[in-house]
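Chemist: Chain residues, written in single-letter form:
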Amino acid sequence: MCKDENLYFPAPEGMRLIPSHLSEGLTKALVISVYEEKGGGEHLAFSAKALPGVEEVKFAEVKVYEVAVALLIGHPYARYSERRVALPIVDGVAQMLGRAIETEGIIFRLKQSAIEDAQKTLTERGISIRDIEITHSLAHVILNSLPHLSGLSPSEFNECLGVTEKGGHVLEALVYDNSIGGIGGVRSLKKNGSLNPDLYYYFISGVECKRDCEAACRACLFFERCGMLNRMLNRHALAYIINSSAIAEILGGL
Amino acid sequence: MRLLSWEGEELPHLILSALKGQRLTLEEVVSKLKEKGALKVNFIDVLNALIKLEKEDLVERIRDSDYSPSRPVTTVKWFIRAERSAPLTQLAPDEVVIAASTPLINLLGGRDLMSILDAAVSLILSAEQGVYIATPYADATLSTIIAQHYQKVAKLAFVRVLVDISESNVAMLERLKFMLPNLEYALVGEYAVVEVPGVGSRRFKVRGLHLKALAVDKKSALVGSFNFKEPHVTCNYDVALLLRGKAAELVWDMMESLWHFCREHS
Numbered sequence: 001m002c003k004d005e006n007l008y009f010p011a012p013e014g015m016r017l018i019p020s021h022l023s024e025g026l027t028k029a030l031v032i033s034v035y036e037e038k039g040g041g042e043h044l045a046f047s048a049k050a051l052p053g054v055e056e057v058k059f060a061e062v063k064v065y066e067v068a069v070a071l072l073i074g075h076p077y078a079r080y081s082e083r084r085v086a087l088p089i090v091d092g093v094a095q096m097l098g099r100a101i102e103t104e105g106i107i108f109r110l111k112q113s114a115i116e117d118a119q120k121t122l123t124e125r126g127i128s129i130r131d132i133e134i135t136h137s138l139a140h141v142i143l144n145s146l147p148h149l150s151g152l153s154p155s156e157f158n159e160c161l162g163v164t165e166k167g168g169h170v171l172e173a174l175v176y177d178n179s180i181g182g183i184g185g186v187r188s189l190k191k192n193g194s195l196n197p198d199l200y201y202y203f204i205s206g207v208e209c210k211r212d213c214e215a216a217c218r219a220c221l222f223f224e225r226c227g228m229l230n231r232m233l234n235r236h237a238l239a240y241i242i243n244s245s246a247i248a249e250i251l252g253g254l
Numbered sequence: 255m256r257l258l259s260w261e262g263e264e265l266p267h268l269i270l271s272a273l274k275g276q277r278l279t280l281e282e283v284v285s286k287l288k289e290k291g292a293l294k295v296n297f298i299d300v301l302n303a304l305i306k307l308e309k310e311d312l313v314e315r316i317r318d319s320d321y322s323p324s325r326p327v328t329t330v331k332w333f334i335r336a337e338r339s340a341p342l343t344q345l346a347p348d349e350v351v352i353a354a355s356t357p358l359i360n361l362l363g364g365r366d367l368m369s370i371l372d373a374a375v376s377l378i379l380s381a382e383q384g385v386y387i388a389t390p391y392a393d394a395t396l397s398t399i400i401a402q403h404y405q406k407v408a409k410l411a412f413v414r415v416l417v418d419i420s421e422s423n424v425a426m427l428e429r430l431k432f433m434l435p436n437l438e439y440a441l442v443g444e445y446a447v448v449e450v451p452g453v454g455s456r457r458f459k460v461r462g463l464h465l466k467a468l469a470v471d472k473k474s475a476l477v478g479s480f481n482f483k484e485p486h487v488t489c490n491y492d493v494a495l496l497l498r499g500k501a502a503e504l505v506w507d508m509m510e511s512l513w514h515f516c517r518e519h520s
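Quick note, the sequences are listed as chains S and A, same order.
If you read the first sequence in my numbering, its first letter stands for residue 1, the second for the next number, and so on.
If you read the second sequence in my numbering, its first letter stands for residue 255, the second for the next number, and so on.
Bound-form chain S, shown alone:
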């Protein structure tokens, strides 16, 4: 319902209306994206002890193709399941918004063995987890650190997950600048050919949630502009990729 320039959404219990101003948060785009590397990229040195599940980290120029396949409409704080799916249709034809952008990004390639170990161990505990959840969670750790490390707003960054050709495993997480050519944001993650050491500090906050949530929440892994609407995230699985006690040792109380 729209009244006095305000929108009113029915509360989940259906007894009252919740007001909201017009904002970007009303519509969440469900995005599918793919990317390709332009050139060889630059391999960054990192601590294998701190990131035992990471095979390589690369800073590269990338071309990303994004398509918003649907819009989910609802109150800015509404959950995914409470939103209504809208497809922009003009003259009977679905109009999908999309773009191709050449920019700078950082690629984290995970070890398949580390992911399989994580899946095996968690399965024994009765938790089923997909490789995409692990890779996606790692991408969010990076996304959440970037505004702090670069000083830019969260809207300047985006993510894309990569699938291996053989087996279809999701092992690559790309985080990139949301501007054509790059804005220097992701570039702040590389220093002298290494991964920015400040990033290790944020790896810990991705694994250890202040609210001690079950899988992921706003206090740890959620990213406001997630193209997958903050689904398929699990901080516990990250413990097999990120060794937080080794990082604590490296940081030595910093």
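Simulated from the structure, these hints should not be mistaken for laboratory data.
Incorrect hints may have been included.
Unchecked claim - Straight-line C-alpha distance at most 16 Å; calculated EDC-like pairs for lysine to aspartate or glutamate: (1) Lys-190(S) with Glu-310(A); (2) Lys-306(A) with Glu-249(S); (3) Lys-190(S) with Glu-104(S); (4) Lys-191(S) with Glu-281(A); (5) Lys-309(A) with Glu-249(S).
Said to hold, decoys possible - Only some residues are given here: those of chain S computed to face chain A with a beta carbon under 10 Å: (6) Ser-47; (7) Ala-50; (8) Ser-145; (9) Leu-149; (10) Lys-191; (11) Leu-199.
Stated by the list, open to error - Listed next, with one range per pair, are the computed distances between beta-carbon atoms: (12) Leu-293(A) with Gly-168(S): 38 to 44 Å; (13) Glu-56(S) with Ala-401(A): 53 to 59 Å; (14) Val-350(A) with Thr-164(S): 55 to 61 Å; (15) Ala-246(S) with Gly-275(A): 50 to 56 Å; (16) Ser-245(S) with Gly-275(A): 57 to 63 Å; (17) Gln-112(S) with Leu-293(A): 30 to 36 Å; (18) Cys-489(A) with Pro-52(S): 54 to 60 Å; (19) Glu-56(S) with Gly-275(A): 52 to 58 Å; (20) Gly-275(A) with Asp-117(S): 45 to 51 Å; (21) Pro-323(A) with Gly-167(S): 55 to 61 Å; (22) Pro-323(A) with Tyr-77(S): 24 to 30 Å.
On a predicted model such as this, the values are computed, not experimentally measured, just so you know.
A virtual CB, placed ideally from N, CA and C, is assigned to each residue, including glycine.
Take the given structure of chain S and dock chain A to it, following the hints.
Modeler: For chain A alone, kept in the frame of chain S given last:
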């Protein structure tokens, strides 16, 4: 240009040398190391080394106005802890380091000078076989250093102390000997009694100990102007050289010869 191994023992030594008289961020330390030829160093190895040096009380970190809590690793600054310098284990072979007494360090305001007592303790702790100490005069300053590190010193084959003939020296060393069976001492000095016409009989020193030194395992030695006495700590301006390698071996040989000579002629 030399390519240094960043995992090698040289890294802490290089870091301490890069930090001399300066407060540097991690990035600045890494750049300085690269300037010195350590082209392969990376942030994590340097950070690890800095944290180890911090645990050894050799470096400190400061969060000054440039510090940002959102970038805690790269904005904290590191500097050498006041009045301390590289411990024995961090010195390059054959390196000579000047140490000074605390009053002299205070006078100079020199934060990078190693104190003689720190150097002596460092040497004693590095010992694996034996220690020679020559100090004409000694008091509780010496017995405290040795007694405080009883667990380490008691395991050595010997601790041999050369002192001048004096009642107070003997009293202190006898107490120490009671505590440490592996401690031996020799009183060094020879006196001649001469009849001086018109004055009477007088006692003159004809041979005596003026050497102030500490030698360990033929590997390291400290030679200087100090006595292990309270004035060294409170008011004397003393200097000493901390030696390793061939020079230290020579000091050890001298001390060993002197020890045997004194024991035979005592």
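Chemist: All hints are to be evaluated individually against the structure, with a verdict given for each.
Modeler: Now the hints, each set against the structure:
Straight-line distance between C-alpha atoms of Lys-190(S) and Glu-310(A) comes to about 30 Å, which puts the hinted pair past the 16 Å bound. For a cut-off of 16 Å, the pair hint linking Lys-306(A) to Glu-249(S) stands: about 10 Å separates their Cα positions. For the hint linking Lys-190(S) to Glu-104(S), the alpha-carbon distance of about 12 Å falls within 16 Å, and the restraint holds. Simply put, Lys-191(S) and Glu-281(A) have alpha-carbon atoms about 8 Å apart, close enough for the 16 Å limit, and the pair holds.
The straight-line distance between the Cα atoms of Lys-309(A) and Glu-249(S) is roughly 12 Å, inside the 16 Å bound, and the hint therefore holds. Contact between Ser-47(S) and chain A, as hinted, is supported at the beta carbon level, the nearest pair being about 4 Å apart and thus within 10 Å. A distance limit of 10 Å between C-beta atoms decides the matter here; for Ala-50(S) the minimum to chain A is near 7 Å, and the interface restraint holds. Because the closest C-beta pair between Ser-145(S) and chain A is about 9 Å apart, less than 10 Å, the hint holds.
Because the closest C-beta pair between Leu-149(S) and chain A is about 6 Å apart, less than 10 Å, the hint holds. Checking Lys-191(S) against chain A by beta carbon gives a least distance of about 7 Å; that is within 10 Å, so the hint holds. Residue-level restraint check for Leu-199(S) holds (minimum Cβ-Cβ distance to chain A is 9 Å; threshold 10 Å). In this structure the supplied range 38 to 44 Å holds for Leu-293(A) paired with Gly-168(S), their Cβ-Cβ distance being about 41 Å.
Checked against the given bound of 53 to 59 Å, the beta carbons of Glu-56(S) and Ala-401(A), roughly 56 Å apart, stay inside it. Checked against the hint of 55 to 61 Å, the C-beta distance between Val-350(A) and Thr-164(S) comes to roughly 59 Å, which is consistent with it. Hint check: Ala-246(S) to Gly-275(A), Cβ distance near 33 Å, so the stated range 50 to 56 Å is violated. The beta-carbon spacing between Ser-245(S) and Gly-275(A), approximately 36 Å, falls outside the hinted interval of 57 to 63 Å.
In this structure, Gln-112(S) and Leu-293(A) meet the distance hint of 30 to 36 Å, their C-beta atoms being roughly 33 Å apart. Remark: the range hint 54 to 60 Å for Cys-489(A) to Pro-52(S) is upheld by a beta-carbon distance near 57 Å. Between Glu-56(S) and Gly-275(A) the beta carbon distance is about 40 Å. The supplied range of 52 to 58 Å is therefore violated. One distance hint, 45 to 51 Å for the beta-carbon pair Gly-275(A) and Asp-117(S), holds here, with the actual separation near 49 Å.
For the hinted restraint 55 to 61 Å between Pro-323(A) and Gly-167(S), the CB-CB distance of approximately 42 Å leaves it violated. Remark: the range hint 24 to 30 Å for Pro-323(A) to Tyr-77(S) is upheld by a beta-carbon distance near 28 Å.
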